[in-house]
Amino acid sequence: MKFGFLFISIRDLKSKKLRSIITVVGIAGIITSYLVMMAAANTMNDLVEETFSAYDYRLFVMKRGKEDPMVSQMPEWYVKKIERVVNPEYIDGVSGFLWWMVDNSTSDDDSEYLTMRGLQVDSYKQVIEKYEIVAGEELNNAQKDRNYCMIGINVAEKYEKSVGDAIILQEHAFTIKGIFTTSTMTDSEIWLTIRDAQNLVGKLNKVSLIVVKITDHDYVDEVRKQIEENIRGVVVFEADEYMEANAEALDSFRGVILAISMIALITAVLGMMNTMTMTLRERRHDIAVMKSVGVSNNDLFVIYSVEALLIGFFGGIVGVILGFFMLNVFGVSNIEMAGYLISIDLTYQLAFESVIISTILGLIGGFYPITKISRKSALDLLQKFG
Amino acid sequence: MESMSSGLNVIEADDVWKVYQRGKTDVEALRGVSFQVREGEILAIMGPSGCGKTTLLNIIGGLDKPTKGNIRVNDIELSSLGESKLTKFRRENIGFVFQFYNLLPNLTALENVQLPLIAQGMSKKERLEKATEFLQAVGLSDRLYHKPGELSGGEQQRVAIARAIAVQPSIILADEPTGDLDSKTGEEIMELLRHINEQGQTIIIVTHDDMIAQTTDRIIKLRDGAIIENSGS
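Protein chains in written order, with the working numbering: chain Z, 1 to 386; chain L, 387 to 619.
Honestly, I wouldn't trust all of these hints.
Short, incomplete list of chain Z residues facing chain L, as computed with Cβ under 7 Å [what the hints assert, rightly or not]:
| # | residue |
| --- | --- |
| 1 | PHE5 |
| 2 | SER15 |
| 3 | GLU138 |
| 4 | ALA142 |
| 5 | ARG146 |
| 6 | ASN147 |
| 7 | VAL289 |
| 8 | SER296 |
Dumping the calculated DSS-like pairs for lysine-lysine here, alpha-carbon to alpha-carbon at most 25 Å [unchecked claim]:
| # | chain 1 | residue 1 | chain 2 | residue 2 |
| --- | --- | --- | --- | --- |
| 9 | L | LYS471 | Z | LYS372 |
| 10 | L | LYS474 | Z | LYS372 |
| 11 | Z | LYS14 | L | LYS510 |
| 12 | L | LYS451 | Z | LYS372 |
| 13 | Z | LYS2 | L | LYS454 |
| 14 | L | LYS533 | L | LYS510 |
| 15 | L | LYS451 | Z | LYS376 |
| 16 | Z | LYS376 | L | LYS474 |
| 17 | L | LYS533 | Z | LYS17 |
It should be emphasised that the hints constitute simulated quantities derived from the structure, not laboratory data. Remember, predicted model here, so these are calculated numbers, not experimental data. The C-beta atom is built at its ideal place from N, Cα and C for all residues, glycine as well.
With the hints as constraints, model all of the structure from the sequences given.
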């Protein structure tokens with residue numbers, strides 16, 4: 001390998017500026033989409049893990065066969081029954097919640113859904129994940145706090161709401177009493193009293209999830225047994241188990257994103273292959289001349305691989321910059337998914353990986369045309385040129 | 387013309403055949419060509435178009451292989467060498483000068499001349515010095531940083547000659563080196579080649595031009611792939 005030849009790679013790139021730039025931009029576009037999709041998938045994954053890790057020492061009770069808080073429905077009196085049937089030594093608290101997607105739109109044209117959680121005001125603090133009030137107060141009175149709500153910090157930022165403002169849910173106005181943060185997906189929720197929540201979505205005396213806080217992990221099996229034996233048609237999960245049960249959905253989501261990313265990356269390789277084929281076809285004459293003066297196949301391979309590598313590398317750099325602008329400057333970073341506002345994080349690691357992937361793509365895309373042409377004899381190349 | 391020939395054979399062609407396949411037809415480009423070239427000789431190969439001149443030159447230079455027969459250059463039997471060994475052979479033994487110069491258009495004159503020196507693994511400082519020295523030797527000291535497109539035909543051919551002699555090969559193969567030049571520039575190029583020959587390098591020139599051929603030590607005439615005349619001028 002003679003490094004002295006590397007200036008030829010740079011010269012060749014410069015001589016076809018427009019083509020080089022178009023190829024770099026093409027790869028950059030694909031790397032940007034890859035970056036944003038992977039960032040979304042990673043953020044989603046991290047958020048779900050963080051959200052569920054906040055539920056340590058909690059058991060989730062849901063309707064058997066409908067193990068999703070957005071779907072599950074149980075009578076509210078199950079909460080009292082659980083308190084009765086479970087040994088009080090094993091538990092620190094029991095509370096029922098009603099999750100639902102509610103319409104936040106002010107007209108038919110701007111339909112927007114938010115995740116609402118109805119709280120049993122007198123018991124939710126015993127079982128709910130850690131949260132911090134950043135403004136105002138908590139809901140603490142089932143009657144006085146009717147028509148009031150607490151909103152997560154993501155909701156406050158998105159809708160530019162502060163304490164005392166009203167927020168419209170299903171055409172009903174609720175006054176914001178407090179703003180909370182959990183640093184998890186919960187920051188995208190709106191909390192109401194259970195009664196307001198039930199009235200709002202027409203699920204009177206219903207809860208969708210009952211959370212039981214246990215005093216020790218050793219009691220999980222016993223508490224589960226006591227609940228499932230005494231209340232028919234319910235199922236009890238630990239947070240980890242619930243996450244595992246839902247991992248398939250999360251994996252499917254990541255799988256779809258990965259599949260789309262792979263298609264994008266394959267497109268980049270094919271584009272690169274096409275560019276290098278065209279470039280090398282035009283440079284057959286140069287390659288023949290270099291061969292005739294004694295430049296080896298290995299050196300030719302390196303010269304043109306470096307060219308492909310540089311295109312891939314710069315494509316990656318531009319792609320990361322574009323991705324950063326898309327996410328941070330143009331505000332694409334805040335996406336809404338299943339009623340949650342998710343803020344996509346572009347990590348240094350993902351940016352670095354994207355540049356590496358782009359560089360490797362450049363090399364892969366260039367490999368076949370470079371190998372093919374560098375193996376041709378000088379005479380073949382000269383004659384084809386002539 | 388004073389010859390620098392030493393009497394040692396640097397090229398020995400023995401019953402060299404080259405048969406190309408064009409569709410279903412065999413085309414005999416060379417038919418049993420045998421000859422020797424002495425060290426330091428300047429030799430012209432002449433003949434009508436399609437008689438096999440360039441094919442013969444390509445075989446001597448290791449760009450092509452004979453279908454049958456033996457070709458020894460500097461005691462190396464070329465017909466048995468693989469592609470990578472032929473590349474090494476060219477790098478160490480042969481300098482090519484083509485009719486249309488065959489310079490790399492994106493590189494300056496200095497960079498074009500450096501190509502074979504880089505291929506030999508020479509250090510940057512050394513190859514810069516050498517390339518500059520050879521471009522000065524061909525009268526282009528004021529054109530070092532010009533690209534081929536900024537040079538006249540004669541100047542481009544001088545760069546090609548500087549590139550060919552840069553690694554000081556024992557043999558220079560020139561395929562119609564004046565074919566694309568006006569007569570005055572052609573004469574200057576021939577003068578340059580003769581000057582190089584005087585330094586002891588063997589030169590084989592393929593040409594149509596009798597005037598050029600007459601200035602060489604020997605003329606080999608080909609017709610239909612066979613030697614019809616092999617005589618000193």
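These are the hints, each one checked on the structure:
1. Look at Z/PHE5: its Cβ gets to within about 6 Å of chain L, closer than 7 Å, so that hint holds up.
2. Satisfaction of the interface hint for Z/SER15 is found here, the shortest Cβ-Cβ separation to chain L being roughly 4 Å, below the 7 Å cut-off.
3. A distance limit of 7 Å between C-beta atoms decides the matter here; for Z/GLU138 the minimum to chain L is near 71 Å, and the interface restraint is violated.
4. Hint on Z/ALA142 is violated. Least Cβ distance to chain L is approximately 80 Å, over the 7 Å limit.
5. Interface hint at Z/ARG146: violated, since its Cβ lies 78 Å from the closest Cβ of chain L, which is beyond the 7 Å cut-off.
6. Contact between Z/ASN147 and chain L, as hinted, is not supported at the beta carbon level, the nearest pair being about 75 Å apart and thus beyond 7 Å.
7. Hint on Z/VAL289 holds. Least Cβ distance to chain L is approximately 5 Å, under the 7 Å limit.
8. Taken as an interface hint, Z/SER296 checks out: its beta carbon lies about 5 Å from the nearest beta carbon of chain L, inside 7 Å.
9. Restraint check for L/LYS471 and Z/LYS372: satisfied, since their Cα atoms lie roughly 19 Å apart, inside the 25 Å limit.
10. Taken as a hint, the L/LYS474 and Z/LYS372 pair is honoured in the structure, with Cα atoms around 20 Å apart against an allowance of 25 Å.
11. Using a Cα cut-off of 25 Å, the hinted pair Z/LYS14 and L/LYS510 holds, with the two alpha carbons roughly 22 Å apart.
12. Simply put, L/LYS451 and Z/LYS372 have alpha-carbon atoms about 21 Å apart, close enough for the 25 Å limit, and the pair holds.
13. For the hint linking Z/LYS2 to L/LYS454, the alpha-carbon distance of about 36 Å lies beyond 25 Å, and the restraint is violated.
14. Between L/LYS533 and L/LYS510 the CA atoms are separated by roughly 20 Å; this keeps the pair inside 25 Å, and the hint holds.
15. Distance restraint check for L/LYS451 and Z/LYS376: the Cα-Cα separation of roughly 14 Å lies within the 25 Å cut-off, and the hinted pair is therefore satisfied.
16. Distance hint between Z/LYS376 and L/LYS474 is fulfilled; the C-alpha atoms sit about 16 Å from each other, no more than 25 Å.
17. Restraint check for L/LYS533 and Z/LYS17: the C-alpha separation of about 17 Å stays at or below 25 Å, so the hint holds.
Checked against the numbered hints above, the structure violates hints 3, 4, 5, 6, 13; every other hint is satisfied.
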